[in-house]
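Asker: Sequence:
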Amino acid sequence: MRPVIGVISDVKARDGHVVHGVTEKYIYAVARGAQAMPVLIPGTISAVDADMAPERVVIDEILDLVDALFLPGSPSNVGPQHYGDAPHDPPLPADPHRDDISLPLIRAALERGVPLFGVCRGFQEMNVALGGTLFQKLYAQPGRFDHREDSSLDIAGQYAPVHEVSLAPDGVLASLAGATNWRVNSLHGQGVADLAPGVVVEAQAEDGTIEAFRVPDAPGFNLAIQWHPEWRFWQDRLSSGVFTAFGTAARLSAERRRGGARLKAAG
24 MRPVIGVISD VKARDGHVVH GVTEKYIYAV ARGAQAMPVL IPGTISAVDA DMAPERVVID
84 EILDLVDALF LPGSPSNVGP QHYGDAPHDP PLPADPHRDD ISLPLIRAAL ERGVPLFGVC
144 RGFQEMNVAL GGTLFQKLYA QPGRFDHRED SSLDIAGQYA PVHEVSLAPD GVLASLAGAT
204 NWRVNSLHGQ GVADLAPGVV VEAQAEDGTI EAFRVPDAPG FNLAIQWHPE WRFWQDRLSS
264 GVFTAFGTAA RLSAERRRGG ARLKAAG
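The sequence shown runs 24 to 290 under the working numbering.
It cannot be assumed that every hint is accurate.
[To be verified] Only pairs whose alpha carbons sit at most 30 Å apart, straight line, appear in this in silico DSSO-like list of lysine-lysine:
#	residue 1	residue 2
1	Lys48	Lys160
2	Lys48	Lys35
3	Lys160	Lys35
To be clear, the hints were calculated from the coordinates, so they are not data collected in a lab.
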C-alpha cells in the first residue's frame with residue numbers, strides 16, 4: 024500500500040466560486056516521483072472548523088491522516104504580516120487561507136517528525152513558519168539577480184535550468200546529486216531575507232540567494248527548495264533523487280504509523 028502524502032491546496036476565486044486546487048505537475052511528482060498517494064488538503068479547513076475545534080486539534084487531525092506533507096509552489100505569496108513586514112503597495116498576490124493552514128501545519132509536522140517537503144512558496148512558508156523573513160521583491164535588492172521567469176518563453180522554456188547553485192558539500196542535496204554544483208530553474212519574485220533560526224543551508228545561488236535548507240534537529244525528513252524540482256523530475260538526477268528520498272521517508276513513516284496502530288489494537 025502506497026504512503027499517503029497530504030498536499031496543501033491553493034484557494035482562489037474562479038468563475039464566481041471559491042476553488043481549492045493544486046497544479047497537476049505537483050500531483051504527478053508525488054504520485055510518480057515519490058510513489059505515493061497524493062491527497063489534497065483544503066486551505067480553509069481551519070476557518071471552517073473554527074467554531075468546532077481549536078486550531079491545534081484541526082492540525083493534529085490532518086497529520087493523523089497522512090504519512091507525509093508536501094507544500095507545493097503557487098503564484099501567491101506568504102502574507103507579509105506573518106514575518107513582521109507591511110503589505111506592498113499595490114498588494115502582491117496572496118492566499119491568506121493557505122497561510123492559515125500551512126504555517127501551523129509546518130510547525131506541527133516538524134515537531135511530530137512527519138516528513139515534510141516544501142517547494143517554491145512551500146520553501147518560503149517553511150522559512151516564515153520557523154521565524155525567518157522574506158524579500159517581497161528579491162529582484163529589487165542590490166546585488167541580487169532577477170529570479171523571475173522569462174514570460175516571453177513557452178512553459179518549457181520558463182522551467183528550463185537558468186542558473187547554478189552551490190550545494191553544501193555535507194548536505195542531503197549534494198549526496199543525492201553526487202556533486203556540489205547544479206543548474207536549476209528559477210521562477211520566483213520573492214526570496215529569503217533572514218533565514219529562520221535552527222536551519223542549515225543546503226543550496227545557494229551565485230548572488231547569495233538561499234535556494235534550499237533543512238532543519239537538522241527535527242526528528243523526521245524535511246527539505247525546502249526554492250526552485251521547481253517537480254518539473255519533468257525524471258529528466259534530472261537531483262530532482263528525481265529528491266522525490267525518491269521524500270517517498271522513502273513517507274513509506275517509513277507509514278510503516279511506523281501502521282505498526283503503532285497494530286500494537287494499539289492488540290493492546
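Asker: Could you work out which earlier hints the structure fails to respect and list their numbers in ascending sequence?
Answerer: Of the numbered hints given earlier, the structure breaks none, since each of them holds.
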